[in-house]
Structures are given as structure tokens and as C-alpha cells.
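Undergrad: For the record, the sequence lines run as chains A and B. Taking our numbering, I'd label the letters of the first sequence as residues 1 to 247. Taking our numbering, I'd label the letters of the second sequence as residues 1 to 275.
If you want a taste of the chain B side facing chain A, the calculated C-beta under 8 Å gives, among others:
1. S12
2. V19
3. L21
4. G33
5. L198
6. Q207
7. K211
8. Y249
9. I256
10. A257
11. W264
25 Å max Cα-Cα, derived DMTMM-like pairs, lysine to aspartate or glutamate:
12. B:K194 <-> B:E149
13. B:K194 <-> B:E175
14. A:K218 <-> A:E158
15. A:K108 <-> A:E3
16. A:K218 <-> B:E6
17. B:K194 <-> A:D118
Treat the hints as calculated values from the structure; they're not laboratory data. Idealized CB from N, CA, C, for every residue including glycine.
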Amino acid sequence: MQEYITLSYFVSFACYGLGLIATFLKQMRAATSLTLIGLAVNGVALVLLWVAGGQFPVFHLFESFLLCTFILALLHFFAGDKAGDHNIAKWVLVEILILFAVLLFYPKSPAPHRYHHDALFVFFFHAFRAGALGLMLFSSAHYIQFLIDGKGLRLGHELFRKGRDFLLLGAIFFLASEYSGIIWCLNGWGDFWRWNYGFLSSAFIMLYLMLVFHIPGKHLSAERFTSLTGALGSLVMIGIAISRSAA
Amino acid sequence: MRMNAEKLGTLSLTTITLVTLLLWLAWGIIINGLDAFYKSFESMNTVLLREWLLNRQGDFLLKVWFVGLCGLMVVLGMNLIFCTWSRFFWILRVNFNASRFLMLMVHLVFGLVALGHFAGFMLGYRYEDLRLGEGGVFRTSDGHEIRVETIQWAGDINAPRQTHGNAPKQGQIRETSFAETSISKGGRELHRDKAYTLAPVRYHDIQVTLKGFVRPVPSSGNRKDQSLKPVGLFVISKNPALRLFLFFYPLMILGIAVYLVLTWHETQQKTIKRV
Numbered sequence: 001m002q003e004y005i006t007l008s009y010f011v012s013f014a015c016y017g018l019g020l021i022a023t024f025l026k027q028m029r030a031a032t033s034l035t036l037i038g039l040a041v042n043g044v045a046l047v048l049l050w051v052a053g054g055q056f057p058v059f060h061l062f063e064s065f066l067l068c069t070f071i072l073a074l075l076h077f078f079a080g081d082k083a084g085d086h087n088i089a090k091w092v093l094v095e096i097l098i099l100f101a102v103l104l105f106y107p108k109s110p111a112p113h114r115y116h117h118d119a120l121f122v123f124f125f126h127a128f129r130a131g132a133l134g135l136m137l138f139s140s141a142h143y144i145q146f147l148i149d150g151k152g153l154r155l156g157h158e159l160f161r162k163g164r165d166f167l168l169l170g171a172i173f174f175l176a177s178e179y180s181g182i183i184w185c186l187n188g189w190g191d192f193w194r195w196n197y198g199f200l201s202s203a204f205i206m207l208y209l210m211l212v213f214h215i216p217g218k219h220l221s222a223e224r225f226t227s228l229t230g231a232l233g234s235l236v237m238i239g240i241a242i243s244r245s246a247a
Numbered sequence: 001m002r003m004n005a006e007k008l009g010t011l012s013l014t015t016i017t018l019v020t021l022l023l024w025l026a027w028g029i030i031i032n033g034l035d036a037f038y039k040s041f042e043s044m045n046t047v048l049l050r051e052w053l054l055n056r057q058g059d060f061l062l063k064v065w066f067v068g069l070c071g072l073m074v075v076l077g078m079n080l081i082f083c084t085w086s087r088f089f090w091i092l093r094v095n096f097n098a099s100r101f102l103m104l105m106v107h108l109v110f111g112l113v114a115l116g117h118f119a120g121f122m123l124g125y126r127y128e129d130l131r132l133g134e135g136g137v138f139r140t141s142d143g144h145e146i147r148v149e150t151i152q153w154a155g156d157i158n159a160p161r162q163t164h165g166n167a168p169k170q171g172q173i174r175e176t177s178f179a180e181t182s183i184s185k186g187g188r189e190l191h192r193d194k195a196y197t198l199a200p201v202r203y204h205d206i207q208v209t210l211k212g213f214v215r216p217v218p219s220s221g222n223r224k225d226q227s228l229k230p231v232g233l234f235v236i237s238k239n240p241a242l243r244l245f246l247f248f249y250p251l252m253i254l255g256i257a258v259y260l261v262l263t264w265h266e267t268q269q270k271t272i273k274r275v
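The following block holds chain B by itself, in its conformation from the complex (with noise of 0.2 Å):
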């Protein structure tokens, strides 16, 4: 038992595990780059991870890649918790060092990132290029209605998507286009504010992203009609880690800083104390 809890805290088994995720990600960035797979990893974008899984439709090939992927996430994370158990005594009681206490800070920190990113998958919920014009309204699943209260757009109504374009006065089309939205439960409303596009509402762990403004589609057949107001385009979502994740990921990056900045010098110390 206690050799089995050894050969799984080894760096020899990080570095077969990190290998195997380079190759495993490396076939996932060639089928990324395929036709026949293109779909369905813009499936993978659309939901919320939990559910495309329990989807029956979706690419079986690209559902055991992923299932591969998290496997081999979960072997390395095995890795860090018997790797930071078997040394964090040692430290601890036997040869105490700063950087080194502070490097299995970073190991575990890195591992509640990794859990982070991995609840971001399954928990909460995504609605994905919802369209909606002034007075849509959206129910999410946990009973959240979602209202677009007024829509202003500075651009061509009849310039296709204007917002992901890349005219010279887009900065400006999105400081001034914005769609104001309120967020409700049972009748009350929650929260009110308007959202422009790279700057979401957010409530809490809900989050109202304005992706862009399209083109209604016109009930007279007039395409060109030049009073129809823009619809948005929205992705409402909510992750409950999010707050988490963006907490721990700079202290991750920060810890990893002071890691530097404690061993800048140190192999070149221990050498001159060799010699």
C-alpha cells in the first residue's frame, strides 16, 4: 500500500503523464483542425459540458478524446496529492526550507485552478447566440428571468456584424451601442444594468454577455428596412467556481513570482559554496 501511495507521488510519473497530455493534446488540436470535426467542437462551446456529454448526438470519437483527457488530468492530479503528501512532512519537520514550502503552496493552488477549470464544465448552466430585441425576455433553469429592456446601436443596421468587424470606428460603435438588461426571480426584479460588449451584466454567479448586435429577421420580407432596430446576441451563463478559479489562478501566478525571486540566485550560491 504505502509502495503503491510511493510510485504515485513520483516526478517519474509526472513526466509520463505530462507527456502522455502533450500527445493526447496534440490529437485533439489535429482533429480541432479537421472538417469532419469542426461541428462538433463548436457543440463543445455551445452547452455546458456536463450536458454535451450526456448528449447521445454528439461525435463519439471527440467524447473519448475528451473522457481521455480528463483521465489523464485526473491521474496527475493523483500525482500531486501523493507527491505534496509525501513531502509536505519532510518540509515541514525534517529540512524546513521557505522556497520550498512555497513551491508546494504553488502545486496545490495549481490543483484547485485545475478543479476550478473542471467545474466551469459541469456546474451551472449556458445558453448559448440567444437572440433578443428590446422586450425579449429569457428563463434560465434555475427560474431567473432574463429581459432586454432597451437596445441602442450606434452602427449600420445593414453593415453585417458590425460588432465582430474590424471598421475603424468600432471602438467608438461599442462605447455607445449597449443593450440594457434586468435580471428577476418570482415577479422582483434583482438586478439592473446595461451591457456593452466586451463589458457583461453580472448577478452574483449569473452573467449576461452581449456577444454582438444582428439584424432582426424582418416580418415584411423588406431587408433593407431601416426602422427594424437590432436584436443582440447573448450568451447567458453561471458558474458557481468562477470567482474561485479567478481568485486562485494569480495567486498561482504570483506564488510561482516569489518562487523566482527566492531562488534567483540559489544554484549559483550552492555552486560557488561547492567549489
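Okay, chain A solo, but in the shape it has when bound (with noise of 0.2 Å):
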């Protein structure tokens, strides 16, 4: 089984790689077809991840990171722009080929199966931050193209709103992640909070996100700004995903 995971991996890496390529040459039925195969042999690992660990695949970062960019793809395909902005699928591949980079480094094989792993609220803790980064990462690649896009650009523009509104959404599962967190905390530790790189961790990608929402003015070089934040957003929030696996 191992090897097949490992073998997937590196199948829907070369993929996504190759639909890039395709999208840079403006090849877009070769792009989105690559893309394609990319998504459903990522979907695979991922069920053999499930089948060989016994528990779905979000533990920990090799596991969470692909679900991260099958849930990346599917936003690309379902809630992408129907015109086909060859622009953000280009960002959108940028952002899973980063995590599968990343992943190079990490064994490619399942969780190992841990106490807490039957406990539903723990389930959700990592399955809704999963969720929230695929959300972030699909709204960075609309705040990178408004940003690229220059100043030419109006005021609310469709870029910006699905920014905006694809970040409230990854916030949303942030913070439903932190509620399952509390709850995990509160049941095994006495306390629903505990001064550790994890909880401040937490609470720091809080604060960001309401730095996001909060920036002032309404104005052109304030949205400018605002998308610059929230594309740097999941750039922390993957960091810190990074920094808590080695921790």
C-alpha cells in the first residue's frame, strides 16, 4: 500500500506540474484536462491513505496538506470562474504545487493511530483546518491576480470580492476549527486554553484574519492593501502548519 501512496503522490504532483506548463503556454483544454487527472489521482492517495491508516486522512501535515490541494482544485473547477481565467487556475497550480514541495520532505504513508484520533471534535479540529487553508489559498490566488492586475482595476472588483468573500469563508472554518479545538482541550486537559506554541499559533492566525477584514478606507490602494494581507495570509497559515509538524 505504501509504495502505491507514494506513487500517487508523485503521479498527481507531475500532473498539476504539467497542467502549469500547459496554462503558461495559454494551452488551456491540455491544462484543465492535466489538472483533471491531477485532482483525481490526488483523490486516491487520499483513499489509500484512509484505507491503510484506518482513520480519514487529516492527522497530520502529508495527509492534511493533500486534502488541503484536493479541496484547492475542486474550488478551482466548481467555483472558478466560469469564463476561465487561465490567471487564477495559473495561481491555483502555484499553490498545490507548492504544498506537494513541500510534502517532498515528509514521509509519504498515513498517520499513525492515536488515542484521540476516534474522539469526533478532534476529527474536526484537523478536518476544518484543512478546509480553512484550501479556502485561503483559493482566495490568495484572486487577491495575488487584483494585485497583478494593476491599478487600472475599479473599485469592487470581481477579483476582490471573491477575495473577500472565499477568506470570510476559510475564517469561518478557522474558527469552527478552533471551537472542535476548544472542545478537545477543554475535554482532555481541564481548560479550554493552554499557553503553548499551538494556542498562540492560533491565535495568531486569529488576529491576522480580523487584521484582513479590518484594514481601513474605500478606497483603490485599500483593497490594494487588504489583498496583499489576505495573500499573505495563507502564506502564514502554512507556515505554521509546517512549524507545529516539526514541533
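The task is to assemble the complex, starting from two chains supplied on their own in separate frames and drawing on the hints.
TA: Right under this line is the structure:
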């Protein structure tokens, strides 16, 4: 089973990578096909992890990032621009490839089973986090493109709106993950808060999201600054996820 | 006076406070990773923060950091109050809009969540890492008596830290290992239930949490004495604000979700109208 998981990871990685090259070459039909194959194989990798580990694949970085790329690719196909804006496709693929590149340094195996993995709130904590990261990355793709498209854009542009909508949805998923974590901590340690890296970094993400939604001004430069901080939000979350996995 | 109130309620102050809070938290995250502060942070987890703050033995720098964090949250809270006060009547009388009004409510609920969080640091009590075997009793500061009636442990007593390990049968051990505890006051039993790991016993605001099982210290000196029963590692806590906190938190999430639904296409529609 282990070798099939590794194989599906590399095949998916390669398909997404070729999809990105095709996007740069503006071969959109090939890009869509390759991304779809990448998505399907990504899904196969998740199923294999589920079968091999005996638990839904959300518990460690290899699993959660694979789930995140799967969600991100799904969002691209089902919530993306119907007109087929290849720039958004490009950024979504770049983000997927960054996550896959990070996973090169992690064992391609399911998370070992731990006693708390059976608890529903522990599962929700991890699953909502993966969902939040996927949504935030999708939002980032729109914010990045909004920044690149320059000053010619009008206020409240579609790209900015989508970036804001999906970031807010990501924030809802993140808060749901936090609430599950609160229940987990309360049941396991008798309190809903611990003074450690995990909790402090979660508070950091929450305050960061609050900052993005509270940037003052109703003019283009304010929207550009919101886009910049919003786009960086997913990077902050990836950095914290990596450092938590190393802790 | 009015000018000051207006300044305290601006979005610019929100942004400045949030940026400062982020920097302050980053400082906390950095010192949390330093070996020199590890024990100090751990001491914050073992007692109620009210007691930790009043204790002279704690790390001074960490106390400065914590007080600074609370101070910044107070500024954010004041900003929230003044901002809400100035916009509340404007939204109600001048320019009523369902989504704006909902977001105002979400901000108020956030304030209550933050207050509930802070109350959890200061109110009630917390006793950490209590080792109680069968028949073991602990008396809380408010006169409650927590007694461990029976302990059932399905794992291997000689295996270290069974409940927090990663052996494959941990789930089964967790489901069949428990500590039956009773809560009494003035000699009258008020409540009795089984505490499992991740499934504590609750009676009103009192919570008896079973963190795990540990080997008892053998009096005979034989550390592999199979006749010894493990003792439970407990946390006994009381947080009067917990229920409100747990109620308002999902309410806040729900409020944001409804707000998102109401505003999903709002900006786009506005743009179309403008064009």
C-alpha cells in the first residue's frame, strides 16, 4: 500500500506541474485535462491513505496538505471563474505545487493511529483546518491576480470580491476548527486554553484574519493593501502548519 | 470629549491595535520556544492565571508580556465599544441595513467571547496533575469533595504513559479504562459518574478531567509489582463563565456565516449598478 501512496503522490504532483506548464503556454484544454487527472490521482492518494491508516486522512501534515490540495483543485473547477480565467488557474496550480513541494520532505505514509483520533472533535479540528487552508489559498489566488492586474481596476472588482468572500469562508472554517479544538482541550486537559505554541499560533492566525478584514478606507489603495495582507494570510497559515508539524 | 470618543472608535485604531497585538503575540511565540521560558509557560498552565499573577515566584518578563497582552485587548475592547456606540444608532435610524446590523451584533458577541475567555483565566479554580488512586479524595477551595471510587484500567501497568502514547489499541483502552468519581459537599453526595480520557465528569461548573493513568509509587520498592493498580492523573477545575463562552463562540461563527451569505454577491451587484 505504501508504494501506491507514494506513486499516486508523485503522479498527482507531475500532473499538476504539467498543468501549470500548459497554463503558461495558454493551452487551456490540456491544462484542464492535466489538472483533472492530477485531482483524480490526488483523490486516489487520499483514499489509499484512508484505507491504509484506518482513519480519515487529516491528522498529520502529509495527509492534511493532500486534502487541502484536493479541496483547492475542486474549488478551482466548481467555484472558479466560468469564463476560465487562466490567471487564477495559474495561481491555484502554483499554490498546489508549493504544498506538494513541501510534502517532498515528509514521509508518504498515513498518520499513526492515536487514542484521540477516534474523538469527533479531534477529527473536526484537523478537517476544518485543512478546509480553511484550502479556502484561504483559493482566496489568495484571486487577491494575487487583483494585485497583478494593477491600478486600472475599478473599486470592488470581481477578483477582490471573490478574494474577500473565500477568505471570510476560510475564516469561518478556521473558527469552527478552533471551536472543535476548544472542546478537545476542555475534555482532555480541563481547560479551553493552554499557554503553548499551538494555541499562541492559532491566536496569531485569528488576529491576522481580523486585521485583513479591518483595514480602513474605501479606495483602491486600501483594497490593494487588503489584497496583499489577505494573500499573505495563507502563507502565514502554511508556515505555522509546517512549524507545528516539526514541534 | 466627543472628539476623543470618536478617535477611540475609529477603524485606524483597530488596525494599529491589531498590528501591535500581532507583534506582541509574535514576541510571546518566540520566547515560548526558548528553553529558559519553558517552565514559566508551563506554570501558567497549571494554575489559574489570577494565582499565577499574584505569585511572586513567576517569571517577571512573562508577567510583563501577559499584562501587555491584556492591556492591548482592553484597548481593542474600548475601540469595539466606542465604534459600536457611534454606529449603532446611525445604522438603526439613518441607514438601516440587515447585513451591517448583523455584523454589529457579531462584533458585540465577539466582545462577549473575549470577556468569557478572560473570565476563564481569572474566575473559579484549577488543580492540575492530581494523582488519585482508588479511595483518593481531594477537597476544593469551595468545599466540594472529589473522591475516586473505582479505577478500571485495561492497559499494561508497566507500559509508560499508556493513554498518551500511540500504540494501535489505544482507542480500545480508552473506551474500557475509567475512573468512577463522586462529587460531594457537606457529606452529601451530589453527583457520581465515570470519567474517561477525553470524556470528563461534569457537575454544574465543576469538571473532573482524567488526563490519563500513571503507575503508583510502590511502597515495597518492586516497580514491576503486578498487583498494583494505576492511579488516575486528574485536573479538577471550575469555570463559571465556561457555559456562556461555549454558547457565544458558535453564535459568533453562525453570525459571520449568515453575514457572508447576505453579502456574497453584494459588492458585485453594487459594481454592476455603478457601471
